[in-house]
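S.K.: So the sequences go chain by chain: V and F. Number 423 in full-length UniProt numbering belongs to position 423 of the first sequence; there are no gaps in the numbering. Number 225 in full-length UniProt numbering belongs to position 225 of the second sequence; there are no gaps in the numbering.
Among the hints, erroneous ones may be present.
Derived contacts from chain F toward chain V, CB cut-off under 8 Å, selection only [what the hints assert, rightly or not]:
(1) Arg82
(2) Ser137
(3) Pro139
(4) Leu142
(5) Ile145
(6) Gly156
(7) Thr210
(8) Arg251
Read the hints as simulated data drawn from the structure, not as lab findings. Using N, Cα and C, we set each Cβ at its ideal position, and we do this for glycine too.
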Amino acid sequence: MKRLIPVLLLAVAACGAQPADSAPATTLTWAIETQPITLNPQLWAQNKVRLLVFNQFDALLSKAEDGSFRPWLATSWKVSDDKLTYTLDLRDDVTFHDGTKFDAAAVKANLDQFLVPGYNPAVAAIQLKAFDRAEVAAPYQVKITLKEADALFLDFLASPYAGQVSPKALKSAKDLRFGGLDLAGTGPFILDRYVQGQEIHYRRNPAYNWPPAGAAHRGPAHLSEITYRFLPEAAVRIGALSSGQVQVIEGVPATDVALIKKDPNLALQTSLNSGTAYSYYFNTEHAPFDDQRVREAFREAVNVDAVLKSVYQGTATRAWSIVGAKSPFYDATLENGYGGDVAKANALLDAAGWKQRDAEGYRVKAGKRLTVREVASAPFVRDRRDILAQAVQAQVKQNAGIDLQVKIVDQGSAQKALDENEYELFGNSRGDSDAGAALNLILPEKAAINRTRFADPKVDSWLAAASATHDQAEREKLYARVQRAAVVDNAIVFPLYVPADQIAAQKSVQGLGFDPASGTPASAYDVRIGT
Amino acid sequence: MIKRLGTALAVLWAAATASYVALLLAPGDTIDILVGDGPDTPEIRTKIITEWGLDRPEFVQYLSYLWRLLHGDLGRSYQLQRGVGEILATQIGPTVQLTLAAAGTGVALAGIIAIVTAGRGRWLRGVTSAAELVSVSVPPFLIGIVLLSVFSFTLGWFPVSGAQGPRALVLPALALGLPVAGVLGQVLRGGLERALEQPFAVTARARGLTERALVARHALRHALIPALTLAGWFTGTLLGGAVITEVLFGRPGLGQVAMQAVTGRDMPVVMAVVLLSAVAYVTISTLLDLAYRVIDPRIRG
C-alpha cells in the first residue's frame with residue numbers, strides 16, 4: 001500500500017488535475033449515529049445525515065450564519081423587481097464525478113427532475129410550490145421563473161435538495177431513488193463504497209476547486225479518504241473514540257460530555273441547531289388546554305432550568321421562543337417572560353375552576369381529573385426526551401396537581417392519536433435551515449403539523465407576508481410578531497430547549513466544524529489531520 | 001418426504017398471512033406512514049395511494065401480495081426506497097455469518113463445559129452453574145457492552161465494528177452465543193449425568209472402558225438429542241438477538257433492518273423478514289429431523 005500511494009499521486013498529477021502533493025494521503029474514520037435512508041440529495045430527509053450530502057454534492061448557493069446567501073456553484077444571482085425571476089450566473093470550471101460538465105442545462109435538468117410526478121412530492125409541494133420553469137439563458141446562465149414571490153426560494157437553492165446531480169446520472173442511475181455510486185455529484189469527495197448497516201466510504205475528488213464562499217481553504221479536500229461508520233449506540237461511539245479506533249464521532253449525550261472533557265486527548269465542540277426549539281404544543285381545541293389559563297398554569301408549574309439541569313447535566317440551552325436561539329429570527333425579548341412561578345400556576349388553575357383535589361393530590365373539576373396526555377412516536381424520541389417528559393411530569397404533579405401522562409408509542413399509534421384528536425400535548429422540534437419554513441408548517445390554521453389546532457388569521461397573514469419578502473429586516477419584524485402571538489399572547493406553545501449537535505474528536509484532527517445553515521456537523525472538506 | 005414439504009409450505013403460507021394480518025391490524029394508517037413528516041395535502045395523498053395501489057380492497061391487496069410472493073417479488077420498501085429483495089440480499093450474508101458463529105460458539109462452549117464438569121466435584125459445578133446462570137439472565141445488550149469495554153476499548157484486541165474479517169466477528173458472536181452456551185450447557189450436563197447413571201454405563205465401566213471414553217462414545221449420544229432440539233430452536237431465535245447485537249456492534253444485517261422496518265412501519269420489509277425467519281425455522285427443523293436419525297439408531301428403525 002505504501003508503494004501504491006506515490007504511484008497514485010503521480011497518476012493524478014499526470015492527469016493535469018490539481019497538484020495533489022499539497023494534500024498528502026491521509027485517512028480518517030468518523031463514527032456517526034444515523035444511517036442515510038437515501039443517498040440522493042434531492043430526496044434527502046434527515047438532518048442527522050446532512051454532513052454526508054455535501055461531501056458528494058455541491059449546492060448552487062451557500063447560506064451563512066446570519067441568514068445571508070453566498071456564492072457556490074452559482075457565482076452571482078439577480079432577483080427581478082417583481083420577485084418572480086431569478087437569474088443565476090454559474091461557474092464554468094466545474095465537472096461532475098462522471099466527467100460531464102456542469103452548466104446551465106444541468107441546473108435546469110436538476111430542477112425539472114422535481115416536476116416528475118411522485119419523485120419528491122414533499123419538496124414539490126413546499127419548497128418548489130412557486131416554481132414555474134427554468135430556462136437556459138446562456139451556457140452558464142440559468143433563468144428561473146416563479147409563479148408567486150417566495151422568500152424561501154434562495155434557501156432552497158442552498159439546501160441539500162439543490163445538490164447538483166449529473167444529468168446523465170439522473171437518466172441512467174441504476175436506482176435513482178436510493179442514489180449510490182453512480183449518482184455523480186460535483187463535491188469534494190467521491191462516494192466509492194456503501195455497506196448498509198456498516199459504513200460509507202469516500203475518496204478525495206482531486207479536481208475539486210469550487211468550495212462555497214466561507215470555506216477555510218481552496219483546492220481539493222485535505223483528506224484523501226474518509227470512512228463514516230454507523231454506530232447507533234452512544235456508549236459504543238464513545239468507547240471507539242477513546243480507544244482510538246475512530247478519530248471523530250458526532251452525537252455525544254449529555255451524560256458523556258464530562259467524560260470527553262476529562263480526556264486530555266479529546267476535544268468537544270457543540271453548536272445549536274437551526275429551526276425551531278424543542279417545545280410542547282398545547283392542543284387548544286378541547287379541554288383542559290382550550291382555556292388559556294390552564295396553558296399558562298402548565299408553563300408556570302415547571303421550573304425549566306431545574307428540569308434541564310437534572311436531565312442534561314447543564315449541557316442544554318433553555319429555549320424561550322418557538323424559534324431556536326441560533327436563527328436570525330429569534331426574538332430575544334421573550335426571554336424570562338414566563339415559567340417557574342408555582343403560586344401563579346395554582347392561582348390560575350383555581351381561577352379556571354380546577355379547585356378540588358382527589359385522593360392522589362390531582363386537581364379535579366366536575367368530577368374529572370386534570371389529566372393531559374403527551375403522545376410521542378418512539379422512532380422520533382431522541383435526546384433523552386422521554387426522561388425530560390418524566391421530569392416535567394413530576395413537576396406539574398408536585399407543583400400544580402396536573403396529571404401528565406406520557407405515552408411513547410409506535411409511529412402508527414402516535415399518528416392515530418394525533419389524527420383522532422386524542423392528545424393534549426405534542427412535543428416537536430424542527431431543523432429547517434430557515435425557521436420561517438418551520439413556522440409555515442406548524443402555525444397556520446391549515447398547516448401540515450398544526451398540532452395546536454389553533455387558528456389566528458393575523459398570524460397566518462404575517463407568515464404569508466414574511467414568506468413573500470426578501471427584506472431580512474421586514475421578515476425579522478413579522479416573525480417577532482408571530483413569536484409573540486404564539487408564546488405570550490396566546491400561550492399555545494411551551495418552548496423547552498434548543499437542540500444542539502456535538503462533535504468529539506482526537507485533538508490531532510483539525511478543521512472540524514458545523515454547517516452555518518443548519519448547525520449540524522459540516523462536511524469533511526476542511527477537515528485535516530495535524531496542525 | 002412429500003408430506004414434510006407440504007407441511008413446510010403450509011407453515012410458510014401461514015407465516016406470510018399472519019404477518020400480513022398483524023400489520024393490517026396494527027394501529028395507524030399506511031398512507032400516514034408514507035406521507036410521514038412531510039406536507040399533507042389531499043393531492044399528495046391521492047398520488048401516494050395510486051403509486052402504492054392502496055386504493056384496492058384489502059383482500060385484493062393480500063392476493064396480489066401472495067401472487068407477487070410466488071414470483072419471488074418481495075415488493076418495495078416504503079422507507080428505504082429500494083426493492084426488498086435487494087435489501088435482504090445484501091443483508092442476509094452478515095446475519096447468517098453471525099448466527100452460525102454464535103450458534104457454533106454456543107454449542108462448542110456448552111459441549112466443553114458439560115463434558116468437563118459432568119459428574120465432577122461440587123465446587124466446579126457450582127462455579128459453572130453460576131456462570132451459566134449469569135450468561136442467561138444478563139441481557140445480551142449488557143453482555144455486548146461489557147465485552148466491548150474489556151476486549152475492544154481497554155485491551156484493544158478486537159475492533160468495535162464492521163464485518164471485515166473474522167476478528168470483527170469474535171465479540172458479536174460471543175455476545176450472542178454466551179446465553180446459548182449457558183442454557184445448552186445445563187441441559188447437556190444434566191443429560192450426561194443421567195446417562196452416566198444408566199445400566200449401560202455400568203456395563204461399559206465393567207468392560208473396563210475409561211470414564212472419558214464412556215462419555216465420548218456412549219453417554220454423549222444420549223444427552224445430545226434434547227440439547228440438539230434446543231440448539232435448533234435457539235438458532236431460529238438468534239435473529240431476535242441479532243437485532244440488538246447488530247445495532248450495538250454497527251454490523252450490517254437483517255436484525256437492524258428488521259428493527260428499522262418495524263419502528264417505521266415498513267410493511268414490505270417486515271413481512272419479508274418474517275417470511276425469511278419462517279423459512280429458516282422450517283429448514284433447521286427439517287435438518288434436525290434428519291440429524292436425529294443419524295444420532296439415535298432407534299429412530300431409524
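S.K.: Hey, does the F/Arg251 contact hint survive, CB to chain V under 8 Å?
M.R.: holds (6 Å)
S.K.: Does the interface hint hold: is F/Ser137 within less than 8 Å of chain V, judged Cβ to Cβ?
M.R.: Result: violated, 21 Å to nearest chain V Cβ.
S.K.: Can the hint on F/Thr210 be confirmed by a CB-to-CB distance to chain V that is less than 8 Å?
M.R.: violated (48 Å)
S.K.: Quick one, is the F/Gly156 hint okay against chain V at 8 Å, beta carbons?
M.R.: holds (6 Å)
S.K.: So, F/Leu142 near chain V? Judge it on the closest CB pair being under 8 Å.
M.R.: Result: violated, 11 Å to nearest chain V Cβ.
S.K.: Against chain V, run the beta carbon of F/Ile145 and see if the smallest gap drops under 8 Å.
M.R.: holds (6 Å)
S.K.: With 8 Å as the cut and Cβ atoms as the points, is F/Pro139 at the interface with chain V?
M.R.: violated (14 Å)
S.K.: Does the interface hint hold: is F/Arg82 within less than 8 Å of chain V, judged Cβ to Cβ?
M.R.: With Cβ-Cβ at 5 Å, under 8 Å, it holds.
Going through the hint list in order, the structure does not satisfy hints 2, 3, 4, 7.
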